[in-house]
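Given only the sequences and the hints, what does the whole structure look like? Please build it.
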Amino acid sequence: MLDFDLALLYGVETKVLIQSVKRNIERFPEDFMFQLDGHEFECLRSQIVTSKKGRGGRRYLPYVFTEQGVAMLSSVLNSKRAIQVNIAIMRTFTKLREIMATHKELRQKIEEIEKKYDGQFQVVFAAIKELFGKFHVAGKPKGRIGFHP
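For the sequence shown, our numbering gives the first residue as 157, with consecutive numbering after it.
Simulated from the structure, these hints should not be mistaken for laboratory data. Certain hints may be false.
With a Cα cut of at most 30 Å, we get these calculated DSBU-like pairs of lysine-lysine [claimed, not checked]: (1) K285 <-> K251; (2) K265 <-> K236; (3) K272 <-> K285; (4) K236 <-> K178; (5) K260 <-> K271; (6) K285 <-> K271; (7) K265 <-> K251; (8) K236 <-> K171; (9) K236 <-> K251; (10) K285 <-> K260; (11) K272 <-> K260.
Using C-beta positions, here's what the derived DEER-type ranges look like [as the list claims (entries may be wrong)]: (12) C199 <-> L164: 19 to 29 Å; (13) R179 <-> E267: 25 to 35 Å; (14) L164 <-> A282: 43 to 53 Å; (15) A282 <-> T248: 33 to 43 Å; (16) K271 <-> E198: 17 to 27 Å; (17) A257 <-> G167: 30 to 40 Å.
Here the structure is a predicted model, which is why all the values come from computation and not from measurement. Cβ coordinates follow ideal geometry from the N, Cα and C atoms, glycine included.
Written out as structure tokens, the structure is:
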């Protein structure tokens with residue numbers, strides 16, 4: 157999640173969130189948080205239509221927090237709202253993992269059934285695979301949601 161999205165959820169300014177993180181930087185290794193590079197930021201800027209430097213836009217590259225980084229924020233931002241937001245975010249991550257696992261299991265079950273039956277059902281299985289392929293590639297959603305560097 158991006159720093160400004162988290163700041164909005166936690167009800168603090170982005171600079172306050174980043175200051176809190178920097179005061180506790182040892183809690184945020186590279187697999188918990190990283191900063192976007194210039195190219196990634198330009199792609200993001202064009203997606204969310206932020207203004208250019210000098211016109212009210214960001215003056216630094218945004219930070220991105222992984223699931224573990226978001227969890228660590230609860231120890232840095234110690235307020236009732238921070239705890240409640242953190243619980244909601246963790247539940248969302250857990251639900252997303254469950255959904256992804258369910259689709260993977262469904263694909264595997266279809267492939268197992270396909271192996272059991274002969275050519276008479278090949279047309280049906282081809283149609284199912286075609287539909288399934290529109291929504292998933294290798295068990296992951298085809299259309300990416302959010303920012304992905």
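Unsatisfied constraints (hint numbers, rising): Violated hints: 2, 13 and 16; rest satisfied.
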